[in-house]
Amino acid sequence: MPVFRTVLSCLVSTSVTCGGKMTEENKSLVDALGELSEILNKAQEENKNYLDQILEETPYDTKLAVTAWVMRHILDHAMDGGSYRYLIYDRLGFDMDAYGVLQEAGALTISNEFDIQKMIDIKDHVREEKIESMKKLVGFCDEPECYIEAGCGFPTDDGYRWTCYEHSKFAT
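Using the numbering used here, the first residue of the sequence shown is number 1, and each one after it goes up by one.
Source of the hints: derived by calculation from the structure; they are not laboratory data.
What you were told as hints is all true, and nothing was included just to trick you.
Straight line, CA to CA, 30 Å or less: simulated DSS-like cross-link-like pairs of lysine-lysine:
no.	residue 1	residue 2
1	Lys42	Lys63
2	Lys123	Lys169
3	Lys169	Lys136
4	Lys136	Lys123
Bear in mind the structure is a predicted one, so any value in this text is a computation, not a measurement.
Throw the hints in and build the complete structure from the sequences for me.
And the structure:
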């Protein structure tokens with residue numbers, strides 16, 4: 001677990017950077033945190049295996065329906081915004097026991113990464129100000145002076161192109 005690795009690192013680096021030696025008390029603490037970290041890693045792996053087993057036993061139609069439902073709520077969250085807690089408690093309807101399980105599954109990272117309106121605003125700005133140097137970053141056609149979102153990728157003798165349909169090799 002990253003928190004325990006950080007604490008371990010801090011304890012070790014503090015005793016080293018302070019010019020002091022690792023005290024017996026700190027050594028015991030480091031050892032205990034190391035053991036706890038191993039226990040937590042094992043529990044996380046067992047939980048992952050348990051979740052995989054549940055999904056293997058779940059009918060396809062149920063998996064598809066649940067996944068679509070979750071994706072719709074995640075997209076709503078991305079469009080409307082909100083905290084991680086708002087996502088899991090209000091949008092998805094979970095209780096407090098879900099916080100750690102969903103965080104471990106990546107929900108906190110996903111929640112923190114979404115700000116679709118910000119990207120829309122950035123794209124609008126790049127388009128309005130005709131900022132060529134930002135086109136690749138926001139996914140616009142690589143053709144000069146074209147500010148349409150790219151959707152066609154293809155190799156050329158000069159390298160890989162990422163263009164809108166109009167500037168692709170597929171346009172007729």
